[in-house]
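Novice: These are the residues of each chain, in order.
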Amino acid sequence: MRILTKRSLSIFLSAAFACSAMYLSALDIKLPELSSIIPFGTPFSSNAKWGYVPRIEATMEPLSGNASYPASGALIYRQQEAPLKTVFGFPLGEAEAVFNMDGFITIMSGIGKGGHDPASGAISAGTIAGTAGGSGIYQQGILGLRIFDMKKASWINPFFFAGGIMDQIPPVIEGITLIEETKSGSKGKVYPIQLRPAQLRPGQKGSASECPQGHYLVHIQAWDIINREMPNRAAPFRFVVRLNGTSAVDVSMISAQYSEKGIMFLGNEAPSSNALAEGGMWMVGRISLPRGVHELEVELSDFQGNKTLVRTAIVAY
Amino acid sequence: MHHHAGMKRKRTGLAAAFALALAVALFSTRSTGRIPVITSRSFLSFASANSIPQAFLLGAEAARTAGTPRTALLPFTALDRAGYIDPEKPAIYTFPYSDRIAIDASGWIRYDRFGVQIEIEKPGQPSISLKVFAYPWFRAGRRFLLRADQMALAEIDDRGTILWEHEFPMIITALDASADLAAAGLLDGSLILMDRDGSISFIKSDNSRGVINPVYGLALSPDGKMAVIIRGISPKRIELYAANGTILQKKKECLLPSNAPLQATAAFSDDSSHVIAAMGSELYHYDVRSNRAVSLASEMRQNSNLAYTVLGPAGRQSIAVLAGMSANSGKADGGFDSSAVWILRHGESILSYPGAVGFSASKQTLAFVTESGVDCLKGEGL
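Those protein sequences? They're chains Z and E, same order as listed. With the numbering used here applied, the first sequence covers 1 to 317. With the numbering used here applied, the second sequence covers 1 to 382.
So here's chain E without its partners, still in its complex pose (with noise of 0.2 angstroms):
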């Protein structure tokens, strides 16, 4: 507790710097992209939340029955909650978490960071314990457990049985998932493909001239039907791949203007007509038709305090990017002194909320995050 206030008084010091550097970061290279208009707002505060309801509890066909369908309910991750929103009332759902939590629209996972302790949940059902050692991960309505030693994926049901799994020979250092396909990024510039029945591909790469190269980050577009990998090191490079199934083929590459050794998080917007990448303070736009990769904030690139995290696709051809300023260095400090999440259409920022800690979309919807609430926005142009 005390710990958490010394926080907030570190954050309120830091907030105005902060909201200038994130906006000399972002405007200064691109210039504002059309301004949604936003016809609709609701702050739903966490303090006014109600618990899981009843009707959502007996699960689907109850839900059904209620008149909300779960698919329209957007979960959500808070700093120490996490729940559902339900746009069309607007209300919100919430339950407190301790450690860490993955949830979907069918239920959630607590974990703690040992992974060791993982508990399903699944509105309506007794939990379920995993006698695993891994860490949940969701993508796409997926659920996988990455081995806590970072060498295996398996992707599990939502009643915890493993449908397939894979150990690889070096540690995994990217993932990402489509709702048909699975990719992994190894530390000696591998890349896997998994398809929906855990079928694989391996790419392995050429490491023959004595020079590694890693595969920092990746990312498969919505229908799968291509990759983008973040490849190398000196000079790094963007590649992108299509594939058929299991099946990748290289079809461009461009250089990337970082010798970062950085992990990176990227995602394909909804059309698939780019992608956001992000490592540290750099933040990257690759257009996938021009080949061309673009850097965005390179006024903050001396500033390592700044760090970008790619949170995904916001819909209309857009991503939603988190920006984090911490005091420290950022070494493991335990997250950041402010944040922000930014919607970049093509790069260009069209929509920014200050304060925020997380993001959730839909169609119709973009829903902040705070330590507060949430504020659920609708408008023409989002």
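With the rest of the complex left out, here is chain Z (with noise of 0.2 angstroms):
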């Protein structure tokens, strides 16, 4: 087998990206106009710690007040809020599925009042399936909408479907921490990484960060804004870490992996709790420092290509 280098390695990460996105955009799916998105990736209630994950939906608040399918199918599930509340009722209280002939679900969840009637299972993109909101988990005005790839076996970022909103504001990098991977593959010791500017030059000793040479997990405080109508906290869309000019993690929140243990986020293990630490640390992948003086840069993007760019210096003793 032929052996990548470093260079054909980061060729062939950024073309797998393109690729994903534009088959992503073959899809016919299209989601209505928006006032609010929080998007997927996004972790669940800051509070918790059972339930504090990267979300697979996109919580969404559409402009019309209604929730309107997004994609044309057949409707394969429906569960409906708990009539009464001596009953229990599941927390995406009324929600929808909708298989599509692309081989793609859907699924709605938080819808209220009215609508479609449920014995069609014929359903039309566009067509309003009730009020938005108001049932489950959801507010009143905001719904979840999931999109799962049956060929592919991941669950899909919803927010590729979402036109019109315009993402001004560039990632914020708030952290980056290395945490030793020893043998057995648990996590050893933190060592924090200093953000400003690396000056250092090969030799030189003082500013840089240092910690043993070794094997280590890359966690990364970051989150973004999408604009200023939409100030809510979001997942940054994609991770990427240089080592020494050369890419070694590139990772987004283009999709997320089925596998029996769960969901796999940025590349991690299931459960997606693995891809999040308390504090909005993610963790996007892993690097090898050899002894010596290294630079690090990490790139960190939103939906629309805003970047940001944070280079330092680390020397592995």
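These aren't lab readings, by the way, just hints derived from the structure by calculation. The C-beta atom is built at its ideal place from N, Cα and C for all residues, glycine as well. Be aware that one or more of the hints could be misleading.
[Unchecked claim] Chain E is faced by these chain Z residues, among others (derived, beta-carbon under 10 angstroms):
hint : residue
1    : PHE44
2    : TYR52
3    : ALA74
4    : ILE107
5    : CYS211
6    : GLY262
[Said to hold, decoys possible] Covered, in the sense of this in silico footprint (three residues per stretch, anywhere, with C-beta under 8 angstroms from a C-beta of chain Z), are these stretches of chain E:
hint : region
7    : 139-151
8    : 166-177
Both chains come to you apart, so use the hints to assemble them.
Specialist: Structural data, given as structure tokens:
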């Protein structure tokens, strides 16, 4: 088997990313006009110890106040809000799953009153399923939308299908932490990385971050704001880590893979909690640091390509 | 308050039509079974209910000393209050709740519908706030948390400590639990069994031909040795599995004459002889031995304003079903205009209680929960 060089690996990762984006843009899904959206990957409830995980849905507020089907297909599942408080109701409230012939499933949750006749199985895109929000965990006006790609066995980011949203503010990087990965695969000592620009030249020592040579898990504390009208903290879209000019990590919120153990975000093993530590630290990948001075570059992008770059130096001893 | 009064007026107006509709629905399709003889009946009004007694508040030990073993108390939930019935006295102890509640013999959990305010309350002890994003769900004397994104399940103890947890790759569409087993069905048709320690068995659905077969409902037999799932769209099937720990083997399946893609509720009878399943306005009886599913209430199939919910076993080969009627098409309208609880034995109606909104049962007592109190019935053949 031909071994990829670091340079060709970097090109391969970027090409794979572009192909995924093109594939998704070909799907026949269209979100309604939105007044706000909390994107895929953004953690649920920051106060929760159990349940603090990246979301696989886009939580959105349609401008019309209605829940309209984003794609045509066949209704395959309908969950109803508990009719009385004496009966247990599932948290997604009134939810509907539609199977599209292209092989994806759209799931709307938190649907409110009225709308589509539940006896009818054929769904046309744009048909109103009910008012937006008010059932399950969803506030009035707010809906959940999930998209599952059957062919690729992955949950895909609904943000791709939201037109008309301008993301104008680049993501913010608050911290980078390297966590030692021991031989047994467990987490070892934690090394916070200084974020000031690297001014170190090889051989110099003093202002750089320091850690022993070894294998590290890269954690990045970061968030994004879409624009001034949508000021909630959101997950960044793409994380690229370059070590000494070569791409070492390139992961994104383009999708999350299906596994019997749960959901795999940012290339991490399932469950999805593996991708997220307390305080909004994203586990984005692994790097190896042999003895010496290294330049670490972290580049974060939002959905529309606004970028934030941090470059720093690490001395591995 | 205004909404509540309006709802009551609507209820009165629809009550007669509703009672007739339910009678047509059930009695026209099945002959009525042996009518039980009620030997004692006590209506315990909420207006004259006691608060939780001190003996109860002091905990199990004190309650036993006071001659009221807590296991004899029957928990119940009404629309705006919950509590316990002491069928022996008889007496009722209640407390109000505002949003949602789950209650069992050890205490209760109040929670809000957003899944963020979750308070464990145990009689005689300070409440515990759980930092979770979930809905509590109680079954078979066990407590679970269903994560608010409907993608994970955890079992907790009575202090809220997580005993085990599992995240699933698809949304959970069906749940049930017995004393030693818990089961989850997923939208993609997968079935997951978890034993008491949380050890898992994952049975993936065959979606290779591009057809998805969601699990719409499931029921575990009380001894945990059988599981029934309702799966597939067209055709829809009832599948019977035999369980040995978390090892499952499909034994039988039969077609269900329904194409409704609705989430189902289902329960085994206490003797595991049959299952009652409900999907919206459709109600089915599945006989385990003959592997036959029969539609009940077929006359009402066209009436999408009628909805059935299977509440659970009601002792003596019976299962309780909540039937509700709403004036609108029932989409997240927040309730019924009128409701009733039916006790079905092998699919035949043996007792009905118009106006009931809930139900609780012990071996000797059937308790129908209404808006104003709890009616406790004892008798022969119940």
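Novice: For each hint, tell me whether it holds in the structure or not.
Specialist: Here's how the hints hold up against the structure:
1. PHE44: The hint holds - Z:PHE44 has a Cβ within 10 angstroms of chain E, the shortest such distance being about 5 angstroms.
2. TYR52: Because about 7 angstroms separates Z:TYR52 from the closest Cβ in chain E, which is inside the 10 angstroms limit, the hint holds.
3. ALA74: With a closest approach of 8 angstroms, the Z:ALA74 hint holds.
4. ILE107: holds (7 angstroms)
5. CYS211: With Cβ-Cβ at 32 angstroms, over 10 angstroms, it is violated.
6. GLY262: Hint on Z:GLY262: holds, closest Cβ of chain E at ~3 angstroms, below 10 angstroms.
7. 139-151: Answer holds; 7 residues pass the 8 angstroms Cβ test.
8. 166-177: Holds: 8 residues of the region 166-177 of chain E have a Cβ under 8 angstroms from chain Z.
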